[in-house]
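Turn these sequences into a full structure, and let the hints guide you.
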Amino acid sequence: MTATELDVDRTLELARCAREPSSVDEQRVLDRLRSRIVDAPEQLGGRRVRRLHLVRILGEDAPTHKDEAPPMAGLLPGVRR
Amino acid sequence: MQAMPDSKRSSDVKLDEPRTRGASTEALEFARLYENYFSFTWRVLGHLGIPDHTLDDAVQEVWLVVHRRLPNFEGRSALRTWLFGVAFNVARNQRRAVSRRREQLTDEPPHSDSPPDPEQIREGSEAWERVQRFLSTLDEQRRAIFVCNLLENLSALETARATSLDVSTVYQRVRALRQSFKVWLGRELGEFGEPA
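Protein chains in written order, with the numbering used here: chain A, 1 to 81; chain B, 1001 to 1196.
Honestly, the hints are just simulated from the structure, not real lab data. By construction, the Cβ of each residue, glycine as well, lies at the ideal position given by its N, Cα and C atoms. Do not take every clue at face value.
[Stated by the list, open to error] From the structure, some residues in chain B lie toward chain A, with a derived Cβ separation under 8 Å: (1) Leu1064; (2) Glu1123; (3) Leu1151; (4) Arg1178; (5) Leu1185; (6) Gly1190.
Structure follows, in structure tokens:
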């Protein structure tokens, strides 16, 4: 049997659409991402300020403004190291 | 300039003034990128052979890299090209790690964990599995070209940048890959019946 160009296009499009993540997938990865960013800051290359901004945007329990300059670099209140 | 959802699949966006952004702006851009391109990275990793049970880890790794490198993104390439490159490297690293552990990564079509919508899912799953079987016959570079250009519809120029090839090579390989896939699909349809 010979496939047509239409068969090719349709198969490719169906295959692409078949792997769309759900909103649950997106939120689950976001939660894990947030957890890793907060729990393992060294993996972010020491970019503490940007990390804190990210946490503020992504996290419901984000640090307050004054938390952005803690006396001990790399330590966030309530954050496990 | 604003990022557009990858579902719109139009020409890509570039970040404005990457060298002068503040931390807050960067965080906003990251959040917007995540919202608009999460699906793209998820799909690409799946097509590059990351199985469902490690897909979360791989996608997470991609976005950690994006977060780390975003301040240095100079906008020389389109965002999807850049993200594809990050995803490609993450997929390759995961493959190598798995290979070192002598585990099989994914020559078998991955199984979806998503809840089904019967007819649509059936068609989509069949197409997905067919494409995965074909992809499993390709080497890493050709697989990347196929995913980048034929599945995700990045342009030849974007594909060339994402795969570090020249454009003429990409054009040649895309034509050859499409033809190979057409022949291969014809055999599949002959063996298994109707198209997906």
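Exercise for the section: Report the numbers of all earlier hints that the structure fails to satisfy, in ascending order. Expected result: When the structure is compared with the hints, none of them turns out to be violated.
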